[in-house]
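K.L.:
Chains as they are written, first to last, in numbering that gives the first Met the number 0: chain A, 0 to 89; chain B, 0 to 361.
These are computed hints drawn from the structure, not numbers from a lab.
Treat the hints loosely; a few may be bogus.
[As the list claims (entries may be wrong)] Once the Cα atoms are required to be at most 20 Å apart in a straight line, the calculated SDA-like pairs of lysine to any residue come out as: (1) A:K84 - B:G81; (2) A:K84 - B:A103; (3) A:K19 - B:E48; (4) A:K84 - B:N79; (5) A:K14 - B:A103; (6) A:K84 - B:R173; (7) A:K19 - B:M146; (8) A:K14 - B:M146; (9) A:K84 - B:R139; (10) A:K14 - B:V225.
[As the list claims (entries may be wrong)] Here's a subset of chain A near chain B, in silico, CB distances under 10 Å, partners left out: (11) T13; (12) R16; (13) E30; (14) K84.
Where a beta carbon is used, it is the ideal one built from N, C-alpha and C, also for glycine.
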Amino acid sequence: MSKSDRIPRFRRGTKLRFDKTRSTWVVLAPERLFMPDEIGTEILKLVDGQRSIRVISLELAGQFNAPLDVVEPDVIAVLEGLVMKGAMEL
Amino acid sequence: MTQLTPPMGLIAELTHRCPLQCAYCSNPLSLDPPPDELTTDEWRRVLDEAAEIGVLQLHLTGGEPMARRDLVELVSHATNIGLYTNLITSGVLLDDDAMERLLAAGIEHIQLSFQDAVPESADRFGGYRGGHAKKLEAARRIHDAGMPLTANFVIHRQNIERLEDMLTLGEQLRADRIEIAHTQYYGWALLNRTALLPTAEQLEFANQIVTDARDRLLGRITIDYVVPDYYAARPKACMGGWGNRFINISPSGKALPCHAAETIPDLTFPSVREHSLSSIWTGSPAFARFRGTDWMPDPCHSCERREIDWGGCRCQALALTGDATATDPACAKAPSHFVMAAAIRQTADAGLDFVPRRLKGA
C-alpha cells in the first residue's frame, strides 16, 4: 500500500480541540499537548479515521488552490511527525 | 519581562490519603489531614475557574485520587467543561465498577504506577501486600475499556536492575506510553535518599536500556525518561518554569507553582478557598517570585540556557543549599554543585532500609 492510501487516525486518548482562550487549535494527548501551525491544523481537521492521505491532500489542494504534488508531501510530513510523537497512527 | 501566558495544566492533588506507602513519594512529609480536604463543590468551582483561564489538561493525583468518593463526579464535571482529564493512580482501587464509572464520566487517560516488575519487591516498596497483582488487573481493565494507558515505573537503586523487565511488562500490558522516572528527591524520597540513589554504573546501565527500547518501540510505545538530577550537568526545567505552565492545588486548597513549593519558608501560598485561580495566576506574589528570569542570580541570569531550564528547581536549591534563590545544584555551573557528588558518596555504604510514607508522619 502506498503512503497516499494510508488512513491516518489519532491514537486513543489524542484529540484535536479548539482552545478559545488562545484562539488556536491544540492536540491534546496523554500528558502532552501539541500546538500545530496553521497548515498542520488544516491537515489535522481532516483526520477522521476515514479519509486517506490522498483524499486529505486533494481536499487541501482544492482549498488552497495548490498542486497535489506540493501538498501531499507536506501532509505526509506532518502526519509522520505526529506518529513519531506517539499521537497518530498511519 | 515577557507577557504572562495562561496556564496549560492543573495538577489537582485530591487527597494525601493513599493505601500505599512508597518510600520515594514526593508528597510533603507533613501530609494534609482528611478533614482539611477541599469539598466536592469547592473542587468543582476550581475546575470551572481553571477552564475559564485557559487550562487545557487536568491531572488528578494525590495521594491516591481514587480514595476520594467524589472522584467520578469530578471527572464528569471536568470533561463536561472541556478539560482533558488524566488520572494518575496506583490502581489498587480500580475494580470493574470503578472502571466502568470512570469511563462513563469521560476519563481520557490513566497513568498507572508500578513499584517494580516483580510482586515481592513491588509489594515491599509499596507497603501493600497483593498490590502488584491488583495493578496488573487494573491495567487489564484499562486496556479492555479501550483507554490509553501509561505505565509508570519509578526507578531507584533497589529496583533499577529490573528495568528491562519493567519495559517488557509495559509492553505486555499494551501500554501506549511507558514512563521510566528516576526518583526525584523531594519529600519522602529526600528523607530516604541514601537507600534510593543509584550508582553511576546503574545509571549508565539504565540509560543504555532506555536508548535501546526507544529504538525498538519507536512509533509504537512512547517512552518518557526522567533522568536523575544527581548525575546531571544541567538542571531540569522544573514544571516548565515556576508559575509558567502549571498550577498545583494541594488537598487543602493551597495553590502552588509545584507540589513541593510549600517547603520554601518565606513564601505565602494563596488558598483557592479565598482567591480565584485567575487572581492567583496573575496576582499572587508567590507565583511571581521565581517567574521568568529577572529573579535569577548568576550563573543563571547570564546563561544562554536560562529560558530552557528556567534555573532548574527552587525546592531542590532550598533543600540542598538552604537558599531557594540559589542556582539549582544539579547544574555543573552552580557553586554548590559538589553537594550532588557528596550525596552520591554518602550512599555508597548506606543500608537499604527506608522510612515508609505514612499519613501520621515520619
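K.L.:
None of the hints should be skipped; say for each whether it holds.
P.N.:
Here is how each hint holds up against the structure:
{"no.": "1", "hint": "A:K84 - B:G81", "verdict": "23 Å, violated"}
{"no.": "2", "hint": "A:K84 - B:A103", "verdict": "28 Å, violated"}
{"no.": "3", "hint": "A:K19 - B:E48", "verdict": "14 Å, holds"}
{"no.": "4", "hint": "A:K84 - B:N79", "verdict": "27 Å, violated"}
{"no.": "5", "hint": "A:K14 - B:A103", "verdict": "18 Å, holds"}
{"no.": "6", "hint": "A:K84 - B:R173", "verdict": "17 Å, holds"}
{"no.": "7", "hint": "A:K19 - B:M146", "verdict": "27 Å, violated"}
{"no.": "8", "hint": "A:K14 - B:M146", "verdict": "13 Å, holds"}
{"no.": "9", "hint": "A:K84 - B:R139", "verdict": "24 Å, violated"}
{"no.": "10", "hint": "A:K14 - B:V225", "verdict": "25 Å, violated"}
{"no.": "11", "hint": "T13", "verdict": "8 Å, holds"}
{"no.": "12", "hint": "R16", "verdict": "7 Å, holds"}
{"no.": "13", "hint": "E30", "verdict": "6 Å, holds"}
{"no.": "14", "hint": "K84", "verdict": "7 Å, holds"}
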